[in-house]
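Protein sequences, first through last, are from chains D and R.
Residue numbering for the first sequence follows the working numbering, starting at 119 and increasing by one per position.
Residue numbering for the second sequence follows the working numbering, starting at 16 and increasing by one per position.
It is worth saying that the hints were derived from the structure and are not from the lab.
It is possible that part of the hints are untrue.
As the list claims (entries may be wrong) - The calculated DSS-like cross-link candidates involving lysine-lysine, where the alpha carbons are at most 27 Å apart (straight line), are:
| # | chain 1 | residue 1 | chain 2 | residue 2 |
| --- | --- | --- | --- | --- |
| 1 | R | 200 | D | 305 |
| 2 | R | 200 | D | 260 |
| 3 | D | 305 | R | 328 |
| 4 | D | 305 | D | 254 |
| 5 | R | 236 | R | 328 |
| 6 | D | 155 | D | 254 |
| 7 | R | 418 | R | 364 |
| 8 | R | 313 | D | 305 |
| 9 | D | 305 | R | 379 |
| 10 | R | 418 | R | 401 |
| 11 | R | 328 | R | 430 |
| 12 | D | 157 | D | 182 |
| 13 | R | 313 | R | 236 |
| 14 | R | 200 | R | 364 |
| 15 | R | 386 | R | 313 |
| 16 | R | 379 | D | 254 |
| 17 | R | 379 | R | 357 |
| 18 | D | 182 | D | 305 |
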Amino acid sequence: MGAAIERITQSGLSEQLVRACQDGSLEAQRELYESYKAKVYSLATYLTGDAEMARDLTQEIFLKVFRDLRAFRFESSFNSWLYRLATNTCLNALRSRRTRREVCIEEVLGTPAEIDAGSQLEQQQVDHSIQQAVRKAILSLKPPLRAVVVLRYIENLSYGEIAEALSCSEGTVASRLSRAHRLLERKLRAGK
Amino acid sequence: MKFCFHISRRLPDYCEGEAPPDERARIAAHLGECADCRERSRQIRQRIDLMRQLPLLDPPDQLWDAVASDLSASEWPEPVREAFSGRRLGFSQRRLLRPVAIAATLFIIATALLLAGRSGLLPGAHKGELNLAGYLDLVGTIAAAEPALREFPAAPGFTEVSWPEAAAAAGFPVIAPAVLPGGYKLTAVRLYNLVGLRALQFKYRSEQGGLCVFQLPSGSKLSFGEQSSEQCLLGGLYCQRTSARNCVAYRFVLGETQCALVMRQTDPAVVDALIQAFNAASQSDKKQEAPQVAAEFKLPDLDGRQISSADLKGSVVVLDFWATWCGPCLAEIPTFNSLRGKYAGRGVKVVGIAVQSGWAEDIKPYRDQYKIAYPILVGDDEVVEKYGVIGFPTTYILDKDLKVHRKFTGKLPGKEELEREIESLLADR
C-alpha cells in the first residue's frame, strides 16, 4: 500500500482525497476537479480542436472519473488511470464524429486583440501566430499520432505513462512520436 | 558510410534523452560527422520547445456546476466494473488477471528461450542451420495475445544493424524492397552472423499489422523443425507453406537467396502480391546481368513541370535517388554537377529524384544552397517502390533505351568509375 500512496502522492493528490471521492464527497470531488480540470480540458481541446466539443468531453470525462473511481483499487498510478480514461473518451468521440467541425483557433487561444489587451507588445503577437501554426500542425496529425504529441509535449507525460494511457508499448510511443515529428516538420515548413 | 535514414527515425528519442545509452552513443557519433542530421536534431529540439510552450487551458468557470449537477442526478449501480465503455476491464478484474498475465509472460519467455536454443538461433546450437520452429512458436504465442501483431518480434540471436552493414555482411544478394504491397514498410534490419551461418531478418509494418522476412544463402539449410510443409504456387514461384499456431511461413528461393516470409494467416491474394514484389525486386537487382527497361515514372520538377521517364529516352541517364536530410547524398552533389558539366553536350542527362524530403518548396533551398545544376524531381513512394530503393543514396545509370546498366546502393564508387561506365555506354551503339 505504501507504494500506492506514493504513486498517488506523486500525482499531486492524497489517497485520502481519492478515498473521499470514492465515498461520494462532493467537496472532495470539487478538489479533484480543480486539480485536473486544466489538464483534462487542454487534452480535449488540443485533441479535438473544438472548444465546444472539449467542454462537453471534459464534463463527460469527469462524470466517468467519479463513476469509475469507485472501482479504483490504488494498484496503478491515478494519473495514468485518469489519462487513459480521458484519452479513450476523446479518441472515441473523434471516431464517432462523422464530419469534422472547423477548428476555431481563436476560441482556444484567444484572439491577438484579447491577448494584447492592456499591452501592445509585438512579441506577444508573434508568439501567438507561432502558437497558432504549431497548433494547426498538431491538429493536422491523425488522432493516434496527435494523442502521443499532446500527451508528451503539452501534458508532459513520460513515455511509460503515455504507453499506459494509450495501451501500447513504449516502442510504439517512440515510433509514433518519430512519425509525428516528420509530419510536423513538413507541415510547419509548408506554413512558413 | 553512414545512412541517415535509420538515424533520423531515432532523433526525437535522442533529443529527449529517451534513447538507450548504446544507441545514444551511435547517434552522437553520427551527429559529429553529419551536419544535416545535426541540423535536423536542432530543428526537432526547437519544435519540442515550441510545443512545450503551448499553454494549458482552463475550462469555463460554470463547467463544475454542470458536472456537479450531473453527479447529483446520477445513480450508479455498485460496483462499477467496466470502466472503459466495455473495451477495458475494471480494476478488480485486472487484479485477478494479473497473476495469469505474469505466468503467461514467464511462460512465453521460457518457451522462447527453450525453442530458440533448440532451433539453432542461439550460439552453441546446431550451427549452419536456421531452424525457425522456435520463432514460429514465439510469434504464435504473441499473436494469441495481440491479434493485430503490430510489432513483429525480433528473432533471438539477431541484432539490429543499419542497411549498409547488413548488405556488406550478408555475403548473398539481399532482396528487401522498402515498401511492399498492402502498405508494408521496412522498419528494421537484423543480422545473425555466427560461424557457419549468416542470415538477415527484415521487419515490415503497416497500419494493419506486421510481417517479417528471413533471408539466407540458398545453399544454407532453412527448416521449421517438425512442422510439415505443403507446396503452393504464389507470386509466380513455387513455395513451401508451413502453418503454425496463429501464423504461417512461406519459403521460396530467388536466385542465390532463400527467403522465409512469416506473417499471420491471411488472404492468399495478399501473400501472392507480397511474394510477387520480392520476385520483382529480385529481378530488378539482376538488371546488371540482363539489362531491363527502367520503370516508368512521371514526376513534377521543382517548378511544377511534369517530367516523365520517356522524356529522357535517347540519352544516357544518371538517376540519383536522394534526400535532403541525407549527408552522404549531399556530399555526392558536386560529383553529379561535375558529370553534368562534362557530359552535357554528349547526350548524358543527370537527374535527381528527391524522396522523403517534403514538397518542392522544401527542396528548393537545398538546390540553391548546394548549387545543384541538374533537374530535381519530387519523388514519391511509388517511384521508390518501382526502383527498389532501400536506402539513400541510390544511383542508377541507364542506357539510351532506358535499360538499367548499373545500380549503386549507398556511396558511389568514385567519379572515375562513373565516367568509365558512362563512356562505355556512349561508345556502345
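Hint check results:
no.: 1; hint: 200/R to 305/D; result: 22 Å, holds
no.: 2; hint: 200/R to 260/D; result: 18 Å, holds
no.: 3; hint: 305/D to 328/R; result: 36 Å, violated
no.: 4; hint: 305/D to 254/D; result: 9 Å, holds
no.: 5; hint: 236/R to 328/R; result: 45 Å, violated
no.: 6; hint: 155/D to 254/D; result: 23 Å, holds
no.: 7; hint: 418/R to 364/R; result: 14 Å, holds
no.: 8; hint: 313/R to 305/D; result: 24 Å, holds
no.: 9; hint: 305/D to 379/R; result: 16 Å, holds
no.: 10; hint: 418/R to 401/R; result: 14 Å, holds
no.: 11; hint: 328/R to 430/R; result: 23 Å, holds
no.: 12; hint: 157/D to 182/D; result: 16 Å, holds
no.: 13; hint: 313/R to 236/R; result: 43 Å, violated
no.: 14; hint: 200/R to 364/R; result: 31 Å, violated
no.: 15; hint: 386/R to 313/R; result: 24 Å, holds
no.: 16; hint: 379/R to 254/D; result: 24 Å, holds
no.: 17; hint: 379/R to 357/R; result: 24 Å, holds
no.: 18; hint: 182/D to 305/D; result: 35 Å, violated
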